[in-house]
Amino acid sequence: MNLKLKALTKSIWVFHAACSPCNNCDIEVLDLLTPRYDVERFGIILAGSVRHADALLVTGVPNYKTAQRIKKLYEQAPKPCFVIAVGSCACGRNMFRESYNSPCNLDEIIPVDIYISGCPPKPEAMIAGIVKLIKKVGSSKGY
Amino acid sequence: MKLVFNYLIFPGFLFSAVVGLISGWFDRKLTARIQWRRGPVWYQNFLDLIKLFSKEIIIPTEAKFTFFISPFVGVCASVIVATMLGRVLVNPSESFIGDLIVLVYLLVIPAIAFILGASSSGNPLASVGASREMKLILGYELPFILSILTIIIKTGSIKLEAILNHQIVYGSHIASFSGIVAFLVAFLCAQAKLGFVPFDISEAEQEIMAGTLIEYSGPLLALFKLTKAILLYIMPIFLIVLFIGKDTSLKFLFLKYIGLITLIILLKNTNPRLKIEQAIKFFWGPVSFLAAVSVILALLGW
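Protein chains in written order, with the working numbering: chain Y, 26 to 168; chain H, 229 to 530.
One or more of the hints may lead you astray.
Listed below are the simulated EDC-like cross-link pairs for lysine to aspartate or glutamate, each with C-alpha atoms no more than 16 Å apart in a straight line [what the hints assert, rightly or not]: (1) H:Lys-503 - H:Glu-435; (2) H:Lys-257 - Y:Asp-63; (3) H:Lys-509 - H:Glu-284; (4) Y:Lys-29 - H:Glu-284; (5) Y:Lys-96 - Y:Asp-138; (6) H:Lys-474 - H:Glu-389; (7) Y:Lys-97 - Y:Asp-132; (8) H:Lys-503 - H:Asp-428; (9) Y:Lys-104 - H:Glu-284.
These aren't lab readings, by the way, just hints derived from the structure by calculation.
Bound conformation, chain Y alone (with noise of 0.2 Å):
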């Protein structure tokens, strides 16, 4: 691993997307983040401005107004940036696949790096995505 790819891997910067989640999954990610969990200790913060963001934390079902949004989102993220579906309504719509206002599902939209289901996930279980993805990246050639 040279050491560009560890200093990625060891100060990720997350920036929490909200892309119309119910709002529990965005109490969870706000409780990953809280001295309890400490991801600090990872180097992980959270950003405010998605150009400071090297993953984006993505909640929720994209409906037609939000797909556009997360889209310019991750246009507006500086390379390379990766994508954490939180939730299983990021992960495939989970029940509003049907739905009349949901066009498609997250990963049709912007590429997805990692997928964390559940309804919702705990933080322990965010964390164990993190460590995939760190493992991920740090395995791969193209970043």
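Place chain H on chain Y using the hints.
For chain H alone, coordinates are given in the frame of chain Y:
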């Protein structure tokens, strides 16, 4: 040759950046311990910088030319301050007449670089941040310069060497009445200059996202982070030279630096963010009053 070495390596760029980044880690670690967590590893800030340097730069279509140069302006100004302070501490005879005035000027430039970069980025939230930063500068510059005036009155010189020598002969300025009042004022102003919590109004993450830094990405953001890191190194050193410069041997310098930085971090962690009008009221009201008191005390010879 020696000058290049001074500016680029020893008291200048490389040294101040490394010390600043490690102090930044100290800040994060202490904050983490206060919040009862473990905190990041000691090289976390270096990793952040390497990561930012390896990322893409995005320049908004509405951005002006100053968007690109202002991070360099900030870093250069803070490196010059670090070099001047370091050279005076290593060898006081390197000081020249009026270098205190030059330092006071140069210490404003990083903040101006933030304003310049933010206002040329074309983002409305960045311009909110820039206007807040501007108001904050107007607020803290008056008491800051008054507290430095106290030191000038006490020593009768605008040369750093004379200030250090005066303290070696007559004891630290902080040990006198006017000195301690002026120190308190300068300490609060340093907190505002560093952009730490009671006065981090221009970058308030929860309300205007990242404020002045909102459009910056990749290496340009890294340069701004570096400017902040170097400022975290030079502000306490500046306060030490002005107020507690009796013994500037390496051991005492280190202890004083750690002590001051701990005070700054504790103030940061135990205070909520002020609103901009509260901050200006605070600086133009009680703090300016204290600064004026310290000037009067210094004139009376206390």
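Hint check results:
no. : hint                  : in the structure
1   : H:Lys-503 - H:Glu-435 : holds (11 Å)
2   : H:Lys-257 - Y:Asp-63  : holds (12 Å)
3   : H:Lys-509 - H:Glu-284 : violated (41 Å)
4   : Y:Lys-29 - H:Glu-284  : holds (13 Å)
5   : Y:Lys-96 - Y:Asp-138  : holds (15 Å)
6   : H:Lys-474 - H:Glu-389 : holds (12 Å)
7   : Y:Lys-97 - Y:Asp-132  : holds (14 Å)
8   : H:Lys-503 - H:Asp-428 : holds (10 Å)
9   : Y:Lys-104 - H:Glu-284 : holds (6 Å)
Hint check: a violation occurs at hint 3 only; the rest are consistent with the structure.
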